[in-house]
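Modelling step: build the complete structure from the supplied sequences, incorporating the hints.
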Amino acid sequence: MQSAYPPTSPIEDSSRVVADLIELDPRVRERPGPFEFWYSWTAPPKQPLSASFDLREAARQGRLTSTVLAMVAGSLIILAVPTSLAIHNPTLLVVVSVLLTIVGIALFLNRIGKGVWGRLAVVVAMNASLMISVLTWPGGLTTNTLPIFDIIVVEPTLVALALLPPVSVFVVAAINIIFIGLVFYLQPHSADLVQVMRFDGYEVVTRPLYLLIFIIGVLYPVMRSILRTIALSDRAKEIAKVQHDLADQSARVEEEKRELDQGIQHLVGVLTRAANGDIQIRASLPVAPTLRPIAGSINMLMARVRRAVQSEVEYQLTRRAAAQLAAALRYSRKHQQPLQLQLSGNPIIDEIVAELMNNQSRSLPGLNKQRLEPWRETSSSWEPQ
Numbered sequence: 001m002q003s004a005y006p007p008t009s010p011i012e013d014s015s016r017v018v019a020d021l022i023e024l025d026p027r028v029r030e031r032p033g034p035f036e037f038w039y040s041w042t043a044p045p046k047q048p049l050s051a052s053f054d055l056r057e058a059a060r061q062g063r064l065t066s067t068v069l070a071m072v073a074g075s076l077i078i079l080a081v082p083t084s085l086a087i088h089n090p091t092l093l094v095v096v097s098v099l100l101t102i103v104g105i106a107l108f109l110n111r112i113g114k115g116v117w118g119r120l121a122v123v124v125a126m127n128a129s130l131m132i133s134v135l136t137w138p139g140g141l142t143t144n145t146l147p148i149f150d151i152i153v154v155e156p157t158l159v160a161l162a163l164l165p166p167v168s169v170f171v172v173a174a175i176n177i178i179f180i181g182l183v184f185y186l187q188p189h190s191a192d193l194v195q196v197m198r199f200d201g202y203e204v205v206t207r208p209l210y211l212l213i214f215i216i217g218v219l220y221p222v223m224r225s226i227l228r229t230i231a232l233s234d235r236a237k238e239i240a241k242v243q244h245d246l247a248d249q250s251a252r253v254e255e256e257k258r259e260l261d262q263g264i265q266h267l268v269g270v271l272t273r274a275a276n277g278d279i280q281i282r283a284s285l286p287v288a289p290t291l292r293p294i295a296g297s298i299n300m301l302m303a304r305v306r307r308a309v310q311s312e313v314e315y316q317l318t319r320r321a322a323a324q325l326a327a328a329l330r331y332s333r334k335h336q337q338p339l340q341l342q343l344s345g346n347p348i349i350d351e352i353v354a355e356l357m358n359n360q361s362r363s364l365p366g367l368n369k370q371r372l373e374p375w376r377e378t379s380s381s382w383e384p385q
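Numbering (our numbering), first residue to last: 1 to 385.
If you are wondering where the hints come from, they were derived from the structure by calculation, not from laboratory data.
Don't take every hint at face value.
Here are the simulated distance ranges between beta carbons [as the list claims (entries may be wrong)]:
1) Y331 - E351: 12 to 22 Å
2) T206 - W41: 17 to 27 Å
3) P138 - W41: 56 to 66 Å
4) L232 - G269: 49 to 59 Å
5) L232 - T206: 34 to 44 Å
6) T143 - F214: 21 to 31 Å
7) V222 - T101: 25 to 35 Å
8) P188 - L232: 49 to 59 Å
Everything numeric in this text was worked out from a predicted model, so none of it was measured.
From the three backbone atoms N, C-alpha and C, an ideal C-beta is built for every residue, glycine too.
Listed below in structure tokens is the structure:
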């Protein structure tokens, strides 16, 4: 089950947190053992609990393969090689040497992460080597070869259960049963074996079959249970990760809700003050990102309101100054008097007033030049001051 998230994603971070919490349990934490040096040469690297299930399972299977093949190689070197030399059986020595070579190749494949082919080759080679040792035993089928049948039904079966999928043990068992039956039926028997078969032939034939049935009946459910436990533990880790993610998500949702509530209250306060006439107020950017465009829009609206108010004030001032100028013009025309104008403070009207006064000065040269001063309003009609 490969991870579907990038290494730096929040999901992977939460997975690492859950893995660290699990590894704190001393029942789960794996301590370095005496085989660490051997594993460093013959097994894939150890994976942390935060890795995917496939990677961790491949690492576990690789370390198990390294251990089993070390035992197989040790038994061949310590027991099989001296036995082949002691009985002067060069064929057996060649078979053992080939099996050791296959074990070495399997260890190399296991180290580079392709141990499945090496494991399969070791199981096949072990079965084949034991069968060849029976077929090439000096003197044919004797009482000395009977223990080899026990080894045939024990060693390859145990190795197959440890290294291959549990269901493969039935294939190995079927091949061994067929081989044992054909050997007892076709292989020539020595005199001592004929005598043993005459008195206890049934036990001689059924003993390896009984061992085979017992091993499969006990170890096959155990291996299935172990693999199921491994899968369930991985599922429990995934569930813990999901729970951790849900808790983090709930905390993030609560934090975002709190930020939204605070931001909404701030914006409502800004709009309330604006409605009460405070047009100079501005909305500060809220923490919640979703409210920032709204705050920007409110500030833009308030800026436009301020410009509109300023334009309205300027319009009213211009209108009042224009009304005063019109009143002065009417007064001058009615009483046939020179214009007496004053500055209104409005740049547009003041420019008109200045032009009118200049024209009046040019048309009436004897008139003293009047100094323009600001107008003052009276409570009644307009009167020049």
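The hints, checked one at a time:
no. : hint                    : verdict
1   : Y331 - E351: 12 to 22 Å : 21 Å, holds
2   : T206 - W41: 17 to 27 Å  : 43 Å, violated
3   : P138 - W41: 56 to 66 Å  : 38 Å, violated
4   : L232 - G269: 49 to 59 Å : 55 Å, holds
5   : L232 - T206: 34 to 44 Å : 38 Å, holds
6   : T143 - F214: 21 to 31 Å : 23 Å, holds
7   : V222 - T101: 25 to 35 Å : 32 Å, holds
8   : P188 - L232: 49 to 59 Å : 53 Å, holds
When held up to the earlier numbered hints, the structure conflicts with 2, 3 and fits the remainder.
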